[in-house]
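Enquirer: Start from the sequences, fold in the hints, and give me the full structure.
Each residue of the sequence shown is one higher than the last, beginning at -5 in my numbering.
It should be emphasised that the hints constitute simulated quantities derived from the structure, not laboratory data.
Just so we're clear, the structure is a prediction, and the values are computed from it rather than from any experiment.
Careful: at least some of the hints might be erroneous.
[As the list claims (entries may be wrong)] What follows is a set of in silico ranges between Cβ atoms, one per label pair, in the way DEER data are often shown:
1. R26 with I149: 31 to 41 Å
2. G302 with I251: 15 to 25 Å
3. V225 with S47: 24 to 34 Å
4. I318 with I149: 24 to 34 Å
5. V300 with I337: 15 to 25 Å
6. G302 with C253: 43 to 53 Å
For glycine and all other residues, C-beta sits at the position ideal for the given N, C-alpha and C.
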Amino acid sequence: MTITTTTTIPIIINNNNNKTDNLFGFNRRLIRYLLLWFLFSGTTLFLNKYIVSYQNGDPMFLGVIQLLCCSLGSYTYLKFCHYFSIINDHDDKLKLRSFHLHYLIANPFKFALIGAFRLLTVALGLVALWYIPVSFAEMIKSSAPMFTMIISLLIIREKISLKTTLSLLPIMIGLSLCSAYEIHFNLVGFAFALLGNLSECTQNVLSKRILIMDKYGPNQIQLFTSAYSIVLQIPYFYYIVYCRFEWPITNIQDNLILCFNYFLCGLSFHLQSLTEYALLNMISPISHSVANTVKRALLIWLSVLVFGNPVTLMSWFGTALVIIGVIIYNKTIQQQQQSLLSIQNNDDNIPFIASKQIDSV
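Expert: What follows is the structure, encoded as structure tokens:
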């Protein structure tokens, strides 16, 4: 029997006992990256909200700083540490390469496209925090698997079963409940958060294809996509610096604090993105999606505690429904992959090739 899919990615089974794809395993390196990802995601989110809402920082300028920190941090690591990428668990024969600038134009269309979506994701997410609370923004992002399924269907022509489609109903119902009963609901903020979520899902689909199929490492993706994002921001950066850059001398202390927060947020965003790309190389997309759901649930609770946003009972119920829906969706996908594995194991002569499910970040 031959399994035919639209986009095929060879899955290499690694029997190394020191590596585990179990999210709750005892791999210290995996747990360390997971905890760091949670930490830097939280600090980035809260700094974004504080700078945009309480210090009246410019969201686009903050996006420039974040992507600039990503480029400088990754370039420094690749140039001076002489280690181009971490070991890719999907390819044990991956060779380490030294850094050269010509890698920037090795795949210009792919990196420029991901860079554009990355810029769009950062900008839309920061603008959304102007209008809606952090908890509501994170709840919207929890519905990412629904958008990922649609994007996978459109971009890579991935076939979606009826069972998978039905498993997304709790996510859509929960999202509707949260939107309807949100006290601080704002249509503009909701639209920006939704578009940012859609852009992030598209970025993740393209990034995972490059990580797995083109054998690029986390620092490579981080540097090249950020570099293209900065190029796309040059016109706005020129407008900010030469047309709107006014710092009164009387508020120089506040401006210095704002500059420090800009830098701190950019550094946190760089470390968040880097640890996330590292996790994508260590665990399966299903495990990553489950971890991402847990992270979003923690951030929703923390945002309510930190910022004191009032939340209705129906909003809490809708949030719980979204999280439960994501878990059901991931379980459905996992069962489908296991069924494909069991069918293929009965065929001794044909090498196993199956499409990898691409989930949200």
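Enquirer: Between I318 and I149, is the Cβ distance one that fits in 24 to 34 Å?
Expert: 27 Å, holds
Enquirer: Range first: 24 to 34 Å. Now tell me if the beta carbons of V225 and S47 are that far apart.
Expert: Between V225 and S47, where Cβ atoms are some 29 Å apart, the hint holds.
Enquirer: Lying within 15 to 25 Å: is that true of the beta-carbon distance G302 to I251?
Expert: Cβ of G302 to Cβ of I251: about 22 Å, so the range 15 to 25 Å holds.
Enquirer: For the range 31 to 41 Å, tell me whether the beta carbons of R26 and I149 fit it or not.
Expert: Holds, since R26 and I149 (Cβ atoms, about 33 Å apart) stay within the stated range.
Enquirer: Can you let me know if the beta-carbon spacing of G302 and C253 is within 43 to 53 Å?
Expert: Since G302 and C253 have Cβ atoms about 27 Å apart, the given range 43 to 53 Å is violated.
Enquirer: Does the Cβ pair V300, I337 satisfy 15 to 25 Å?
Expert: 49 Å, violated
Checked against the numbered hints listed earlier, the structure breaks hints 5 and 6; every other hint is satisfied.
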